[in-house]
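Required output: the full structure, derived from the provided sequences and hints.
Protein chains: 2
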Amino acid sequence: MKKTKLIVIGGNAAGMSAASKVRRANPDHEIIVFERTDYTSYSACGIPYFISGKVKEADDLIVRSPKVFKEKYNIDARINHEVLEIDTDNQKLKVRNLKDKSEFWETYDQLLIATGSRAFCPDVEGMGAKGIFGVTTLKSGIKVEQFILKEKPKQAVIIGGGYIGIEMAEALIIRGIKVTIINRSAQVMGTLDPDMGALVYEALKKIGVVIHLNEALESFTTENGQVIAVVTKKQTIKTDMVILGIGSQPNTALLKNTKIKLGTTGAIKVNKKMQTNITNVWAAGDCVETQHLISKKAVNIALGTVANKTGLVAGSNMVGQEITFPGVVGTAVCKICDYEVARTGLTEKELKQLHMDYITATVDSLSRAGYYPGSTKITVKLLADKKTGRLFGGQIVGQEGAAKRIDVLATALTAKLNLQQIIDLDLSYAPPFSLVWDPVQTAARKLISQMK
Amino acid sequence: MKKTKLIVIGGNAAGMSAASKVRRANPDHEIIVFERTDYTSYSACGIPYFISGKVKEADDLIVRSPKVFKEKYNIDARINHEVLEIDTDNQKLKVRNLKDKSEFWETYDQLLIATGSRAFCPDVEGMGAKGIFGVTTLKSGIKVEQFILKEKPKQAVIIGGGYIGIEMAEALIIRGIKVTIINRSAQVMGTLDPDMGALVYEALKKIGVVIHLNEALESFTTENGQVIAVVTKKQTIKTDMVILGIGSQPNTALLKNTKIKLGTTGAIKVNKKMQTNITNVWAAGDCVETQHLISKKAVNIALGTVANKTGLVAGSNMVGQEITFPGVVGTAVCKICDYEVARTGLTEKELKQLHMDYITATVDSLSRAGYYPGSTKITVKLLADKKTGRLFGGQIVGQEGAAKRIDVLATALTAKLNLQQIIDLDLSYAPPFSLVWDPVQTAARKLISQMK
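Residue numbers (numbering that gives the first Met the number 0), protein chains in the order written: chain A, 0 to 451; chain B, 0 to 451.
No incorrect hints appear here.
Copies of one chain are not kept apart here, so a pair can be met inside one copy or by any two copies together.
List time: in silico BS3-like cross-link candidates among lysine-lysine, alpha-carbon distance up to 30 Å:
1. Lys451 to Lys4
2. Lys91 to Lys66
3. Lys451 to Lys2
4. Lys385 to Lys415
Don't read these hints as lab results, they were simulated from the structure.
Take a look at the structure:
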């Protein structure tokens with residue numbers, strides 16, 4: 000009997016989660032993974048910490064190498080292989096071996112597309128110059144590290160004050176490099192409301208980052224093919240290197256001439272089983288759309304958590320174990336030296352766009368009992384339905400213990416809890432860990448008082 | 000017009016939460032609080048940290064003094080006043096001024112009983128000796144501190160290895176006192192399952208605590224009225240002081256000859272509005288029973304979180320704002336030097352007693368990405384309904400970041416989430432804070448595999 004042949008395009012979080020799940024469920028399937036880069040299964044989220052030096056070796060970020068996949072899982076993960084074409088009618092792929100430049104066709108019974116995302120590269124003068132880096136792949140992270148070691152840059156400009164921009168700012172500051180962020184809008188961390196973004200702005204200033212708000216990149220000035228300055232409408236900022244942190248976009252170019260449908264976000268449209276419009280073609284990870292459980296809109300979230308979950312769901316369904324991925328609530332956290340930033344659900348801006356009537360309140364609370372050493376300020380903002388008090392979102396900025404508190408709100412959002420139910424939650428308390436009323440409950444108490 | 004007169008018995012968390020709520024809602028009510036001790040509104044949970052020296056002054060544990068209540072809230076909080084009798088037919092109380100020994104009757108329109116709990120004192124020989132301490136009130140904490148300063152004890156025996164015993168063990172070790180715990184049952188921290196209790200046992204041993212399991216207190220040996228040894232069936236342990244950590248019991252002696260009903264736990268029976276069987280008599284805090292949301296049984300939980308919540312609910316209803324307290328899921332956390340211990344929901348023992356068919360799994364995971372500096376082991380145990388996968392309980396033992404992770408499980412329990420829904424939760428991830436699959440989700444993934 001012919002073995003079922005599963006092909007995965009993309010050997011990182013989503014692809015390898017799916018492949019591993021298929022292998023656990025079925026020892027007999029043939030599983031081939033085509034990965035364009037040199038690496039499988041690594042933590043892209045760890046790249047800033049490799050750059051900062053907190054993580055010593057790039058290899059430390061690799062969860063499993065192709066060798067481990069082969070020997071332990073009997074998964075044939077072929078690095079340096081790029082898929083060039085997908086022919087869903089004939090269930091085959093055109094693949095290029097990037098090392099020897101050979102090309103070949105490979106058939107499949109089941110296909111998983113897990114091509115991930117890439118840093119958005121602005122189409123401006125000087126873009127191709129040396130010293131300009133995106134940091135979405137391990138390879139790009141290694142390039143940054145090599146550049147720093149060789150060129151010993153003294154100053155860097157980061158384009159964009161979102162998660163990647165901020166994490167890279169921390170990393171470069173730790174490396175002793177002067178950092179300037181230029182940010183198109185009036186606030187850093189555009190996934191927060193402006194008032195909470197302002198706290199992040201202050202945290203960045205405290206660690207010495209120079210920030211120019213309301214300034215967009217116009218072009219790069221180069222000299223001998225090397226970037227030497229970033230030009231905005233207002234000024235020219237000299238620099239030795241540039242990090243692109245203006246977001247990512249799903250890798251879907253490969254699907255251009257296929258029958259596989261994209262969704263409204265530009266990412267691949269899948270059902271809750273991670274199945275595309277073509278029955279035996281699945282997709283997972285940064286390249287797909289998922290549903291936002293509060294707005295009910297399609298969203299494209301490029302995060303490791305979603306990649307792993309959707310990969311596991313795709314892999315399960317590919318072997319006939321029917322499970323579904325219900326969607327996301329938009330949880331994200333990041334660290335800026337001693338500061339922690341977290342968000343979940345919808346922001347004021349998003350609620351306004353959706354014409355959802357909301358109320359909001361912000362409180363300053365503490366991470367530990369006030370008398371307990373090391374207690375620090377935690378600011379919590381909550382947003383809720385004006386009529387019912389149902390939670391719509393939350394944002395937290397603080398120091399130790401701030402970020403993971405967002406998980407209670409993420410859980411509450413998923414369970415559709417209202418403010419009174421959050422106040423009633425039996426959350427843990429001991430003086431080293433919290434106040435008697437956890438900061439998220441104090442925020443809920445303040446907000447519910449607006450309903451009466 | 001005569002002012003409505005509200006009397007509160009007990010000036011700590013529950014009583015003062017209620018009194019403050021009434022005041023916020025109604026500036027005109029007359030509010031009198033009778034408090035037996037010298038203090039109002041203090042953090043009893045903070046006492047071990049005052050003993051350890053982390054908190055410098057006993058006063059630091061006081062949230063609001065009688066003076067503040069008088070001046071800022073117009074609440075007449077009378078310390079050193081003990082209520083001796085309650086006459087619900089005539090709506091009056093007999094009160095003794097403990098300073099001048101005078102006694103008087105005071106009438107009320109609404110009464111709140113918030114008498115709290117006290118350390119359980121075993122009825123054994125030598126019990127009244129000097130050097131034996133309970134630590135449920137600030138006064139008792141101050142006595143311990145004064146004893147340590149004056150007598151400079153070198154060794155202490157703690158009776159009972161529960162929360163208070165363990166927190167006091169940490170405190171005394173920090174003060175340079177050799178600590179022995181004697182524990183009646185085969186495991187410390189009886190609110191955990193034995194396998195998780197064993198991790199706490201190891202943590203205590205690591206900080207140098209000597210623990211004798213399966214040994215019950217028989218008597219105290221005294222000399223000149225001072226405790227000098229603790230006697231068990233197996234041995235006599237010399238000591239300079241003793242801490243009682245064998246649990247607490249609700250203060251309900253005052254209700255003996257009243258019509259106010261107690262529940263099955265021995266604590267005051269109240270409805271979800273915190274109303275006793277007598278219409279205008281309310282009760283809140285350590286002295287009442289609440290409902291356990293999973294077992295549906297009445298429980299008596301002596302924790303600051305529950306005291307504050309039930310106090311707020313009682314106060315709201317006393318001024319006609321109808322809100323209810325749905326109940327608890329049994330969340331509790333504690334710290335032992337670098338270790339954190341957390342639990343919520345039901346244990347194996349409790350599930351067996353309730354004849355609830357359960358499955359359980361335990362995983363060792365990490366607090367941060369494995370490659371991120373400072374990542375430490377977190378052990379998570381989950382219990383769930385064998386048929387439906389609905390969460391029944393969780394226990395966590397680890398270091399940094401272990402304890403507050405229990406809040407996700409407490410929220411999931413309240414929202415009646417099942418294991419698949421926990422796996423699907425959009426929990427936060429960044430390398431300094433978690434793994435891509437949060438440890439609680441890794442445990443849920445392991446446990447759900449037992450259902451298939």
